[in-house]
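Colleague: Sequence:
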Amino acid sequence: MGDTSDTFLHKIYYYLSHPASFGGINKLYDEVKRDGRYNLSRNAIREWLKGQNTYTLHKPVKKNFARNRVLVNAIDHQWEMDLADLSSLSRYNNGYKFLLTCIDVLSKFAWVIPLKNKSQGTLLQAVQTILSSGRKPRQQIYTDRGTEFVNKLLQDFFKDKGINFFTTNNETKASVVERFNRTLKTKMWKYFTHSNTLKYIDILQKLVKGYNHSYHRSIKLSPVEVTKENKDRLWRTLYPNLIKNEKFKFKVGDRVRISKLKLKFEKGYLPNWSEEIFTIVKRKAKPVPVYKLIDWGREAIEGNLYESEMQKVNFTKGALFRVEKVLKKRKCNGRVEHLLKWKGYPA
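Counting from 1, one number per residue, gives the positions in the sequence shown under the UniProt record's numbering.
Mimicking PhoX-like on lysine-lysine, the simulated pairs with C-alpha atoms at most 20 Å apart in a straight line are:
| hint | residue 1 | residue 2 |
| --- | --- | --- |
| 1 | Lys-185 | Lys-97 |
| 2 | Lys-62 | Lys-50 |
| 3 | Lys-282 | Lys-247 |
| 4 | Lys-220 | Lys-209 |
| 5 | Lys-97 | Lys-118 |
| 6 | Lys-312 | Lys-59 |
Worth flagging that the hints you see were computed from the coordinates, not collected in a lab.
Throw the hints in and build the complete structure from the sequences for me.
Modeller: Right, here's the structure in full:
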């Protein structure tokens, strides 16, 4: 894009009284086409906008997008665990505040243990109770990043039992157990309505038993019916058409912003993307591709990111970081020097 067309777009985009000011690709394209002086494609305008902070920081975030499925090939290959907070009902339930929920990803068989607190000892005892049922995850236990699961007592126990523990790094959390939590809570609240009570502690295991004996559309069986003998048929039911890996949208070396995890009621007009710019250093071919990033200081970013969580930006020296505030000021050889904090620059 030539300097003259760049200047023209700059005037349109940043001229406040212009109808297309701070607009998107289509608004700028329509204005360029109406003016007629420059022949710019939508792609050329898109590339120009990638270099504008006001566009890339406020670009809408896609929250619902395809993610890679959790693939398991055996009963008890992988379990998911979570803590459901029911502390608001504790006075009706003998002081119990939390539910430790656990589910086998393949069979969907679930366990639930009520807890009065989430201390290391209490949580360990609850996990031991689940394992005493005679089943054990062959490979791993998967949770969200709650600190209650990464305590030393529990980690030492997992290590001693040969159980690999790992956590999710994105906002979707441990999706299978989260879905079970919703199902269980729905049944509980329907029971509350029917019985005019908020006490669940005396009927909790009945609800869990009912769940484990209920038909699941995804596996076309009830969890208690899943056995070693029918697990292969179950696999074909769950994953009938494993799709091929998709093509990559980004290249190694591309600079990107990453989407912010917005709170439920955060204002929609606030920036949706990180001030900091990251660099792609690795790509992983999967049905939904994922990427590894490093920050400006070349430190690796934990976890993988999906394409919908990233936005490519055009790198422009001098325009990459903006001054957030002046930290210190001094005089050196008659010249005033400032120590600055830059927006988006890693501390």
